[in-house]
Amino acid sequence: MSNYSRRNFLKTGGALLAASSLPISMVEMAFGKDSEQNFTFAYISDSHITQIKGNEFVRNWDRGLIRAVAEANLLDPRPDFVFYGGDIAQLGKPEEIDHGLEILGALRGDVHYVMGEHDYYVDLGEYWQKQLGPDHYSFNHKGVHFVVLNSILTHEEWMHRKWDSGMDRMKQMARLDNPDGQPFMVGDKQRSWLKADLDKVSKDTPVVVFSHSPLQKIYKGWNFWTDDAEQVQALLKPFDKVTVLYGHVHQIQTNQIGNISFHAAMATAWPWPYPSTYTQQTSYLPRLTVDMNRADPFFERDATGWQFINLHSGNVDVHYTLPDNEARVVAFDEKLGHPVDTKYQAVADRTSPQKHY
Amino acid sequence: MDSRTMRYVAAGVIFLASGQMLVPAQADEFDQADLDRWQQEYMSVVEQGEKLFHGGLGNRNTVSCDQCHPNGANTHPETYPKFQQQIGRVVVLGEMINWCIMNPLEGAALALDDSSMVALQAYIHQERRGRELAPGKH
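Keeping their order, the protein sequence lines are chains A and B.
Numbering (the numbering used here) for the first sequence: 1 to 357.
Numbering (the numbering used here) for the second sequence: 358 to 495.
Since the hints were made in silico from the structure, they are not lab data.
In this text, all values refer to a predicted model and were calculated from it rather than measured experimentally.
Beta carbons are placed, not taken as given, at the ideal position from N, Cα and C, and that holds for glycine.
Incorrect hints may appear among the rest.
To be verified - Facing chain B, a subset of chain A residues (Cβ under 7 Å, in silico): (1) Phe57; (2) Val58; (3) Leu176; (4) Asp180; (5) Tyr219; (6) Pro273; (7) Phe298; (8) Tyr344; (9) Gln345; (10) Val347.
Bound-form chain B, shown alone (with noise of 0.2 Å):
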């Protein structure tokens, strides 16, 4: 066994033992209770998203994003990634989310990662729930 072959090993025995220590039975079992729980996770940052979109990202010209976007419409999250035709390459949809928080509300723009970006986009995709994916769409 070369090295690197010997800390693949290691790695699957720590995964194995850590597996059993946290999971008794399969490892993919979960209950109502558990569903229960992950999606009042998810809403709780809907609400959080929701707040944030109406007012609530503190950017001094108090300008929000349900000005010109209420219920979150004309947002069209389902067409992302998507060739966003004014800034001329392909785009997610936290780069336009961006866009209108450093233009009409003259704030500053959020890293993709920021709670807060992961926030308006949990609003904007609750509020286009069950619409058919259209990557790409114009």
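With the rest of the complex left out, here is chain A (with noise of 0.2 Å):
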């Protein structure tokens, strides 16, 4: 991003985003030490395309993810890569994988995916990975280490359990209000393997974390969790920033534990609730989150949206566009050391809309 101050990028994303309003995320990296290092991606997650018949997939689904590439191909500059969150199918077959990719391969540059539940219950992953590789890895760009995991494992007793069908495993882990649901975990191996990768990366390169299930836990009952979210959080415990983005909750949330800022991204499918809103059980929503307006579900694609993401000096600025809502910024706060909503985050500031209940 030489050349190109961060005004003029989100001018320009201003601009598109008054043609049109679409649901992808969209990352912004500027390095205040160095401008020659920044550089921005985008960050496109939770489309859930399902299969109906044949070649038939819902609508809905498929225009999110749709307009998400398109919106994403018509960014200038020209982000250095995309992510993908995860949950491409809902029921993990092969067909929704192959159309999501489909729709998906329309994007210019390079796209790192990040394993969703709904990609990997009915076959353990298996077709996912021979299209797209292994489920974590990790690679430096631009002075940045970035870490893929897949957060979205459970207990091996219950994954290999003698099911009817890998469809009747799927669909248990489809139902994000299953009262018999596992909790998700990243897991010994991978954590170890998460070990041995931070070991070799200076503890002042800025880290930065993909998962499809937040690193912290919320609410048990949707999954809202990692089960060993502490464990991972104790591996990035020694570097100097790193931030957490993660997929599966299908709303803005902030939150910032120790040295490790978090942010959640908004799918192109639907929106979900946020889980203070069912009132049988407790929750814990991420302290710094501002919500977002309640959706309307009278137009489809309200309460999906697209972010643009602008680190400085490691520290990760998150902007959530939204279609029919203002647009949303969510920057790092240097003297308070979190981030915050640069509009909302007074609760007096706060408008009708963003009250849930």
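Quick one: dock chain against chain with the hints and give me the complex.
Following this line, the structure appears as structure tokens:
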């Protein structure tokens, strides 16, 4: 992003937004100390492509992904790459993954993928990995260490139980509010890999971790949860600046735990209610979250969205764009040491549609 | 006595007679066994509603209510009837359920007294139990 100021970038983004508000996440990484390092990437997540029969798919979910891809392709300057945050498919069928990848195939540039539970549980990720490669990996890009984790694993004994079929297992996991649901986890094996991977990285290197589920505990009942979140956080603790970007929750969430900033991405498919609106159970919404507006069901893309993310000296600012609503900016505040919503953080400044109940 | 009065008297006699046949003591006597049975009847409909809500409606595109409303959240049953601004008039919960069935689910609307509609509402209300009535609230 040399010779391209953040202001210009955002202006371009704003113009795009005015033309069409589309559900992707845009990530900008701008290094204060060395502008040559600045770069951007886009982040698309949770498309839940659903096969009805043959080559017929649920129109609504297709449209969300198609629009996201179109928007990403219009971005100027070009993002260095695109991240896909998981749940391409609804039931992990090869037809759904292929259809989703066909739509995503129109993206210009490289795409990095994260495994979602909807991609995984029908065949334990076999088809997804055949098409996309390993489910956990890391790479360095312009001074940032990126880590991708498969955080949607669960207890081995449950995964390998005697199921009638893989689809039977998939449907159990696909139901968000399943009372017999299983908690997500990264698992021992991957955490050992992560430790070895991070051992090679100097502690002043900004680290960005992508997972599908939040690497923090919010509400177990809907798997807004990773069972070994604390153990993963402990591995990230020695680094100066860490950001975790996750999908799964289909909503804006913001948090800071020690050195780790957390941001959730919106889905291209549909929004989810905040767990606090389910009044029969207790949940723990990340404390810095300023809720996005309640979705208007009559506008099918409402409360889906996309984000710009801007990385200042290793800290991330997220620019959320909500169709039909004002864009939101959650920026890292150096003085406070955590992200804040630049307009709505103070409770008194919030709008009526931001009040969920 | 004109014919209208006679009809009222006749109706009263029939009512008393049938009442005495069915209820030996007081008309509103019921015991724990009755309460248990009624609760069981209600919960069986809640369970039916839960199944319908989670993919049991048989709509062709397979989209289910719980995909947007896990545990029936964000349905706000306690706020109906209310002015549904997108429809432009005051509606009951069942009309919003039908809107969802017809649009994201691309299915056919249910009659408001259809047993499936009753079951869906039983499930939604059950998941929102304990919330104060707030008719009209947006």
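For each hint, the structure was consulted:
{"no.": "1", "hint": "Phe57", "verdict": "violated (9 Å)"}
{"no.": "2", "hint": "Val58", "verdict": "holds (5 Å)"}
{"no.": "3", "hint": "Leu176", "verdict": "holds (4 Å)"}
{"no.": "4", "hint": "Asp180", "verdict": "violated (12 Å)"}
{"no.": "5", "hint": "Tyr219", "verdict": "violated (10 Å)"}
{"no.": "6", "hint": "Pro273", "verdict": "holds (4 Å)"}
{"no.": "7", "hint": "Phe298", "verdict": "holds (4 Å)"}
{"no.": "8", "hint": "Tyr344", "verdict": "violated (20 Å)"}
{"no.": "9", "hint": "Gln345", "verdict": "violated (24 Å)"}
{"no.": "10", "hint": "Val347", "verdict": "violated (20 Å)"}
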